[in-house]
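A.B. asks: Residues per chain are reported as follows:
Number of protein chains: 2
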Amino acid sequence: MKRSIVFLLASFAGLAAHAEEGMWTFDNPPRAAIKQAYGVEVTDAWLKRLRLATIRLEQGCTASFISRDGLILTNHHCAESCIAQNSTAERDLLAGGFKAANREQELRCQAQAASVLVDMQSITDAVQAAVKGLPDADANKARKKELTRLEQGCEDASKKDARTGPLKCEAVTLYQGGQYWLYKYKRYEDVRLVLAPEAAIASFGGDPDNFQFPRWALDFSMLRAYEAGKPAKIAEPLRFNWSGAAEGDAVFVSGHPGGTDRLLTTSQLKFQRDAFLPLWLLRYSELRGRLIQYGKQSPESLRRSQDDLNTLENSIKVRRKQLDTLHDDVFMAQRASEEAALMAAVAANPELKATAGTAWDDIARAQQTYRNILAPYTFTEGAAGFNSQLYFYARALVRSAAERPKSNTERLREYTDAALPRVEQSLAADTPVYPDLEQVKLTFALERMREWLGPDDQLVRSVLGNESPDSLAAGLVNGTKLADPKVRLALYEGGQSAIDASDDPMIKLAKQVDPVARDMRKQYEDQVEGPTRSGQEAIAKARFATLGTGIYPDATFTLRLSYGAVKGWEEKGKPVVPFTVLQTAFDRATGRDPFRLPQSWLDAAPSIDLKSSRANFITTNDIVGGNSGSPMVNASGEIVGLAFDGNIHSISGSYWFDERQNRTIGVHPQYIRTALEKVYKAGWVLKELE
Amino acid sequence: MKRSIVFLLASFAGLAAHAEEGMWTFDNPPRAAIKQAYGVEVTDAWLKRLRLATIRLEQGCTASFISRDGLILTNHHCAESCIAQNSTAERDLLAGGFKAANREQELRCQAQAASVLVDMQSITDAVQAAVKGLPDADANKARKKELTRLEQGCEDASKKDARTGPLKCEAVTLYQGGQYWLYKYKRYEDVRLVLAPEAAIASFGGDPDNFQFPRWALDFSMLRAYEAGKPAKIAEPLRFNWSGAAEGDAVFVSGHPGGTDRLLTTSQLKFQRDAFLPLWLLRYSELRGRLIQYGKQSPESLRRSQDDLNTLENSIKVRRKQLDTLHDDVFMAQRASEEAALMAAVAANPELKATAGTAWDDIARAQQTYRNILAPYTFTEGAAGFNSQLYFYARALVRSAAERPKSNTERLREYTDAALPRVEQSLAADTPVYPDLEQVKLTFALERMREWLGPDDQLVRSVLGNESPDSLAAGLVNGTKLADPKVRLALYEGGQSAIDASDDPMIKLAKQVDPVARDMRKQYEDQVEGPTRSGQEAIAKARFATLGTGIYPDATFTLRLSYGAVKGWEEKGKPVVPFTVLQTAFDRATGRDPFRLPQSWLDAAPSIDLKSSRANFITTNDIVGGNSGSPMVNASGEIVGLAFDGNIHSISGSYWFDERQNRTIGVHPQYIRTALEKVYKAGWVLKELE
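So the protein lines, in turn, are chains A and B. Residue numbers for the first sequence follow our numbering, so the first one is 5 and each next one is one higher. Residue numbers for the second sequence follow our numbering, so the first one is 5 and each next one is one higher.
One should not assume that every hint holds.
If chains are identical, the list can't say which one is meant, so a pair holds when it fits in one copy or spans any two.
Said to hold, decoys possible - Within a straight-line C-alpha distance of at most 27 Å, the following computed BS3-like cross-link-like pairs (lysine-lysine) qualify:
{"id": "1", "residue 1": "578", "residue 2": "526"}
{"id": "2", "residue 1": "526", "residue 2": "576"}
{"id": "3", "residue 1": "410", "residue 2": "526"}
{"id": "4", "residue 1": "325", "residue 2": "490"}
{"id": "5", "residue 1": "300", "residue 2": "515"}
{"id": "6", "residue 1": "682", "residue 2": "325"}
{"id": "7", "residue 1": "145", "residue 2": "515"}
{"id": "8", "residue 1": "164", "residue 2": "274"}
{"id": "9", "residue 1": "164", "residue 2": "52"}
{"id": "10", "residue 1": "274", "residue 2": "321"}
{"id": "11", "residue 1": "52", "residue 2": "145"}
{"id": "12", "residue 1": "485", "residue 2": "682"}
{"id": "13", "residue 1": "410", "residue 2": "274"}
{"id": "14", "residue 1": "274", "residue 2": "515"}
{"id": "15", "residue 1": "163", "residue 2": "615"}
{"id": "16", "residue 1": "490", "residue 2": "682"}
{"id": "17", "residue 1": "274", "residue 2": "490"}
{"id": "18", "residue 1": "325", "residue 2": "274"}
{"id": "19", "residue 1": "526", "residue 2": "321"}
Hints listed in this document are in silico derivations from the structure and should not be mistaken for laboratory results.
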């Protein structure tokens with residue numbers, strides 16, 4: 005979509021006309037544009053093989069199969085939670101790295117699952133029929149019910165289909181409601197850690213270097229998918245091309261970009277700029293400070309907070325640059341101009357005018373409502389007032405007890421039959437809960453809820469009573485038994501009567517909050533989401549009618565293909581070379597985190613030609629968070645890189661793609677090979693890859 | 005200024021035409037408007053008496069003389085630093101309050117000074133003559149030199165004038181350069197603490213209640229000015245009217261509002277919205293988190309961090325609401341429209357066009373430059389990369405050694421002869437420095453400098469070398485001797501040779517940073533400040549020519565008069581009553597900070613008629629930060645309140661005044677009387693007030 009509009013506006017915005025923009029669905033790749041740019045013929049067979057080797061890691065990343073025995077390649081930061089959860093004060097796998105000498109030593113990632121997209125089915129007609137003629141709020145409910153119904157039908161059918169076996173079916177909304185699909189996944193719920201380098205080299209440069217290039221991060225790890233206790237059998241895994249790609253070579257990224265906002269209306273962008281992002285950044289900048297200061301108390305508190313902090317700092321950098329983009333007058337003027345062009349086209353066409361004429365105003369009104377309820381919604385239904393793992397367990401237990409007795413289509417969408425297995429996996433996962441860290445987070449959450457809702461807010465008063473946030477959090481964290489997965493599972497299995505009978509303080513808190521949170525959710529769904537969805541669907545249809553279907557949808561954490569090439573960019577008038585070499589990392593190392601090289605690499609250095617060993621590289625691919633761990637393949641489908649980041653300009657990719665500056669950063673295959681061969685002496689892995 | 009333009013635009017913006025807007029200079033009060041609104045005749049004698057009883061506290065507040073023996077009334081939060089500096093782990097005066105039983109027990113506020121404005125002299129012609137015809141950067145330098153020269157001449161003359169005695173002379177820029185004045189102050193450098201309530205009642209409700217109304221804060225304290233070791237003799241102190249003012253009564257606020265931005269151009273507003281405020285809020289929200297978490301380590305760390313944290317949280321609330329205002333499309337459209345109207349008037353007048361025709365574009369270009377250098381400027385010259393008291397001492401020593409040998413007009417403005425006494429007072433003040441707290445702040449500063457300037461920035465590399473922010477900060481704080489005032493004074497008196505010979509690590513750091521910081525300052529002054537000042541002066545003249553001189557200037561921490569009345573407002577359709585009573589505070593108390601009532605009040609409660617005792621009240625006065633501690637007087641010049649805050653809507657007063665919602669919050673005299681009489685049993689104070 006943006007391609008066409010950008011082309012029209014190229015003279016205004018100064019954008020190159022041939023931007024290699026787009027996160028394309030696998031049913032609609034831009035074959036002609038790829039052919040024209042790189043002479044590469046994208047065949048159905050090539051697409052299918054890539055799709056079936058690409059993995060969605062359910063905790064928010066991408067990965068790929070790289071051996072017939074289910075070996076998985078992804079980023080270190082995508083396995084970081086698993087590594088942290090398998091660590092203890094005595095055996096810190098984040099700091100020391102991990103290598104399973106044999107399959108018995110591989111470590112279960114208890115909260116992780118791996119999904120492969122095996123089929124896609126359009127359900128646009130069914131969804132549109134279900135909502136036809138209904139007012140916004142009713143349409144919103146009817147749509148959700150229909151999606152739940154279709155998901156359930158799909159899963160039930162798959163169970164009877166010997167060819168596929170049981171599948172996970174997820175309804176997918178594309179083009180802001182222009183299309184609806186069922187995406188069908190084969191899911192591996194048993195995923196294990198095989199190999200991980202030390203954090204010091206995996207994220208060399210740490211947060212200061214994050215979203216920067218040049219870069220030298222060995223951000224890779226290896227997992228393995230298991231089925232029925234045995235390594236999963238994969239027919240066509242991807243193969244490495246160890247020499248990577250040359251400057252100018254075409255590179256394709258297959259993965260699951262989490263979300264972009266390129267089709268938002270200007271009123272939605274302003275809501276993000278004026279309300280959502282400031283609140284988010286204020287809250288999380290402060291939490292960052294609290295976690296950092298907590299981490300300075302002892303080596304163990306540092307270890308405990310590291311995973312949370314890394315995730316948080318990454319998000320803060322993203323949100324900060326998103327806000328910068330929305331503060332860019334040139335960008336906002338371009339979006340306003342695109343919007344005005346589409347509105348004019350709608351106004352000039354009586355049929356479109358009848359369906360979409362008021363859509364922008366309807367959405368703007370809904371955004372105004374959203375502003376008014378943002379704080380109460382965020383702190384209650386959004387759980388920002390209770391941000392802690394133990395509360396999330398409690399809420400899942402309280403809500404699943406209330407939802408499971410309902411018919412499937414009447415439930416909250418996150419507790420449908422299709423969704424429950426992940427809820428159950430999370431409740432059953434025997435992952436560590438650190439009471440002191442929970443207290444830091446929960447106290448912060450309660451203090452900020454009191455600040456933003458006010459000390460006289462009814463919920464705030466009823467939750468805090470005569471307690472302070474500190475004393476309440478201490479009582480909750482020390483009093484609850486929910487850190488124990490057996491306790492959680494007993495409550496889950498006991499259902500509503502077990503919840504009613506529980507005197508666990510965290511369960512009682514979740515019960516106390518639930519009615520208020522559900523009320524806010526209803527206000528949000530009826531008054532914000534409903535009219536916004538209706539307006540967006542109408543605009544989506546107008547967009548297809550005006551611009552055709554040769555456009556790509558916003559990212560939705562579903563499988564996408566991006567094309568591009570190895571290429572530098574100009575930063576403040578100076579060219580940035582698209583490859584880095586290891587020598588520079590050694591030159592830059594200070595011996596102190598996050599610029600410390602681990603001993604293993606210092607020891608191995610004499611055996612490595614540092615000056616010629618490529619470390620990281622950049623391409624023009626259009627990706628976004630969620631693409632982390634994506635295989636970067638050449639025209640032959642061989643792995644020539646492992647996507648792990650974008651440069652600082654890539655963050656504005658949430659809202660637009662600027663081919664001049666937006667770059668994907670990958671780990672070079674040479675770097676991985678050197679690590680396996682010379683540093684970690686993991687010859688058996690190399691053998692498995694052949 | 006805004007009155008006229010607002011009147012023109014009233015139908016557009018929906019503002020009441022008779023807004024009681026304005027922080028008026030004492031040479032130009034809006035006598036006619038006051039007369040018309042309240043029938044009060046503002047006489048020269050009334051103004052003079054109020055002016056000579058109003059005090060500027062040099063650390064950033066207002067106060068007033070309330071006895072012939074130099075007794076001073078101000079807010080508790082204006083004395084908070086002094087109270088904290090006189091506290092120890094064993095004797096916490098913030099928590100426990102303070103009452104000097106006699107004058108010998110009064111405690112010196114070593115870093116504080118009190119100034120009274122005794123004369124004002126226009127110097128507009130001299131300054132305009134000094135810069136005439138010069139290009140922007142040169143004009144900027146020439147202007148500063150002329151201001152220094154005039155200040156020095158004024159101070160020298162006062163020393164010879166037996167009638168006044170030595171005065172402090174400060175150049176004041178009003179109307180963004182439309183007028184220049186010399187303000188002449190009698191300064192008291194010996195200020196002592198006489199009485200302070202417990203923090204729990206002084207800031208009852210803490211940060212959650214800050215900028216909120218209804219409110220119940222006993223935010224008052226008493227100081228005393230000394231001259232030559234004796235209580236200062238004051239001819240006409242202000243007197244309390246213990247019954248306060250009734251709803252609708254006229255109320256005047258005399259004080260020193262710190263700064264407003266009501267005359268900024270839209271490019272300047274956008275700079276604040278897009279660059280300055282986001283960077284500020286990100287940094288300080290994180291620091292807030294660090295200080296809070298540090299404070300949770302022990303009661304003593306909580307005590308040590310409290311003063312810093314209170315100041316910080318107040319500022320965060322201000323900055324956050326300022327950003328909200330700048331994100332308000334209605335506000336921005338109004339300002340753009342006002343600007344367009346003035347630009348049109350300029351374009352239509354050949355004479356104005358010649359002087360001010362390019363002013364808005366010139367300022368916009370300078371703002372663009374400011375955006376580009378904001379981060380390096382903030383972290384170096386702005387010292388955000390080295391934020392700690394010990395570094396500030398080091399910088400003052402390094403810079404004063406370099407500046408003092410220069411001729412007075414060649415120096416940085418903060419080291420001129422007129423400015424040095426305050427530098428010396430700060431270096432000599434024997435106030436506590438807490439090494440652990442310094443380390444928290446300095447580590448934070450270094451970490452963020454590395455984040456924002458990048459680990460490969462030249463200064464960052466040269467400062468950090470192979471150290472981490474943690475290890476460097478620890479080495480600096482533990483290695484420096486600058487916590488000792490005797491060491492500081494020795495270095496100050498030793499001048500450049502002492503600095504050169506010093507191997508104090510903090511002095512060495514300040515020397516290392518200084519050339520880079522001075523270079524950034526020069527870039528800022530030549531490329532941002534210079535063209536901005538020139539443009540603003542041109543616009544100011546055009547504004548006078550177009551709108552006349554019956555307008556008020558932006559606040560500049562100089563003496564101003566505001567008029568208004570006791571009046572509620574409507575919040576979400578519901579009326580807010582303008583008075584609160586003590587009973588509600590008792591109903592609201594939880595026993596936990598910040599909603600804890602001190603034992604003294606719980607004990608005294610039976611002797612107080614809580615239901616009828618007024619606590620706080622609100623008026624329509626137009627004030628801003630810096631006005632804290634201002635006397636609120638009635639038409640007879642009697643104290644009817646003590647300004648300590650504004651409601652949440654008052655924060656947008658930085659940019660505009662909305663009479664419908666903007667309210668000043670004051671401590672009611674009854675509350676102070678009850679405290680003195682029934683709670684703190686300070687009968688001798690009451691006697692002194694008679």
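A.B. asks: Does each hint fit the structure? Answer for all of them.
C.D. replies: How the hints compare with the structure:
1. 578 / 526: So residue 578 and residue 526 pass the 27 Å test across copies only (25 Å; inside, 52 Å).
2. 526 / 576: Answer is between; shortest inter-copy Cα gap is 22 Å, intra-copy 49 Å.
3. 410 / 526: The answer is within: 17 Å in one copy meets 27 Å, while 70 Å across copies does not.
4. 325 / 490: Result: close neither inside a copy nor across copies, 42 Å intra and 47 Å inter.
5. 300 / 515: For residue 300 and residue 515, neither the intra-copy (35 Å) nor the inter-copy (29 Å) Cα distance is at most 27 Å.
6. 682 / 325: neither (38 Å within a copy, 56 Å between copies)
7. 145 / 515: within (24 Å within a copy, 66 Å between copies)
8. 164 / 274: For residue 164 and residue 274, the Cα distance exceeds 27 Å both inside one copy (48 Å) and across copies (61 Å).
9. 164 / 52: Intra 24 Å, inter 94 Å, cutoff 27 Å: intra-copy only.
10. 274 / 321: both (19 Å within a copy, 21 Å between copies)
11. 52 / 145: Classified as neither; 35 Å inside a copy, 70 Å across copies.
12. 485 / 682: Classified as neither; 46 Å inside a copy, 50 Å across copies.
13. 410 / 274: Intra 38 Å, inter 52 Å, cutoff 27 Å: neither.
14. 274 / 515: Neither. Shortest intra-copy (35 Å) and inter-copy (45 Å) distances fail the 27 Å Cα cut-off.
15. 163 / 615: neither (55 Å within a copy, 71 Å between copies)
16. 490 / 682: Intra 43 Å, inter 59 Å, cutoff 27 Å: neither.
17. 274 / 490: neither (46 Å within a copy, 55 Å between copies)
18. 325 / 274: both (15 Å within a copy, 17 Å between copies)
19. 526 / 321: So residue 526 and residue 321 fail the 27 Å test inside a copy (32 Å) and across (30 Å) alike.
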